[in-house]
Amino acid sequence: EPEVTQTPSHQVTQMGQEVILRCVPISNHLYFYWYRQILGQKVEFLVSFYNNEISEKSEIFDDQFSVERPDGSNFTLKIRSTKLEDSAMYFCASSPRVGRGGPLAKNIQYFGAGTRLSVL
Amino acid sequence: QKEVEQNSGPLSVPEGAIASLNCTYSDRGSQSFFWYRQYSGKSPELIMSIYSNGDKEDGRFTAQLNKASQYVSLLIRDSQPSDSATYLCAVRNFGNEKLTFGTGTRLTIIP
Chain A
53 EPEVTQTPSH QVTQMGQEVI LRCVPISNHL YFYWYRQILG QKVEFLVSFY
103 NNEISEKSEI FDDQFSVERP DGSNFTLKIR STKLEDSAMY FCASSPRVGR
153 GGPLAKNIQY FGAGTRLSVL
Chain B
6 QKEVEQNSGP LSVPEGAIAS LNCTYSDRGS QSFFWYRQYS GKSPELIMSI
56 YSNGDKEDGR FTAQLNKASQ YVSLLIRDSQ PSDSATYLCA VRNFGNEKLT
106 FGTGTRLTII P
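Residue numbers (my numbering), protein chains in the order written: chain A, 53 to 172; chain B, 6 to 116.
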């Protein structure tokens, strides 16, 4: 069964360093997402990406964050200067696009296993 | 104001019994509703999706939606120890791509 793949599974970094979290979405999916989950808290939306541009982002997704689809398979999340409070589990998700004006409501998001980011 | 609310639990249910999980949401524009299961340290895994008022059944799982009351629930019949996990309610609003999650309900099935 196709799945969303994330690497690395655990990333340890020093405060102020840049990190790049990588994701390979399901191959025929067109919408890509990043969520994060701070330990013991709820899953929070960061950003959605479609047709090579950001389609929606949350207030968490500030100038320190960026996303990119550098090639036909990878989808990355970059944090430019990590803070202690960026420590969390970061989940990538993808979904098929049913089509503009179609039953978008029924678009299912499939999650990867996550990358645990520890900022020291 | 919280957008999606769930009782955090823990909810303990004997093996073989019915587990009932509840979720309320604040935005009347909410269009799509999902239940995800999350084992400790793992990613959310989709259990059920529901879009229309009423019940939707899939195996041992039944999702129920009442848009007038802004309420969605998940019933798990014949509960198994492997059902022990945190169950996340997620909502998508009209015109948005993002899922808004509740804090989750921790369910423990007692053998």
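These are calculated hints, taken from the structure and not from any lab test.
Hints should not be assumed to be uniformly reliable.
What the hints assert, rightly or not - Cross-link-like lysine-lysine pairs, in silico, DSSO-like; alpha carbons within 30 Å at most:
hint	chain 1	residue 1	chain 2	residue 2
1	B	Lys72	A	Lys135
2	A	Lys94	B	Lys72
3	A	Lys94	A	Lys130
Unchecked claim - One side of the interface only, derived from the structure: several residues of chain B facing chain A at Cβ under 7 Å:
hint	residue
4	Ser17
5	Pro19
6	Glu20
7	Ser48
8	Lys103
9	Phe106
Virtual Cβ for every residue (Gly too), placed ideally from N, Cα, C.
Here's how the hints hold up against the structure:
no.: 1; hint: B:Lys72 x A:Lys135; verdict: violated, 40 Å
no.: 2; hint: A:Lys94 x B:Lys72; verdict: holds, 23 Å
no.: 3; hint: A:Lys94 x A:Lys130; verdict: holds, 21 Å
no.: 4; hint: Ser17; verdict: violated, 20 Å
no.: 5; hint: Pro19; verdict: violated, 27 Å
no.: 6; hint: Glu20; verdict: violated, 27 Å
no.: 7; hint: Ser48; verdict: holds, 4 Å
no.: 8; hint: Lys103; verdict: holds, 4 Å
no.: 9; hint: Phe106; verdict: holds, 4 Å
Consistency note: the structure conflicts with the earlier hints numbered 1, 4, 5 and 6.
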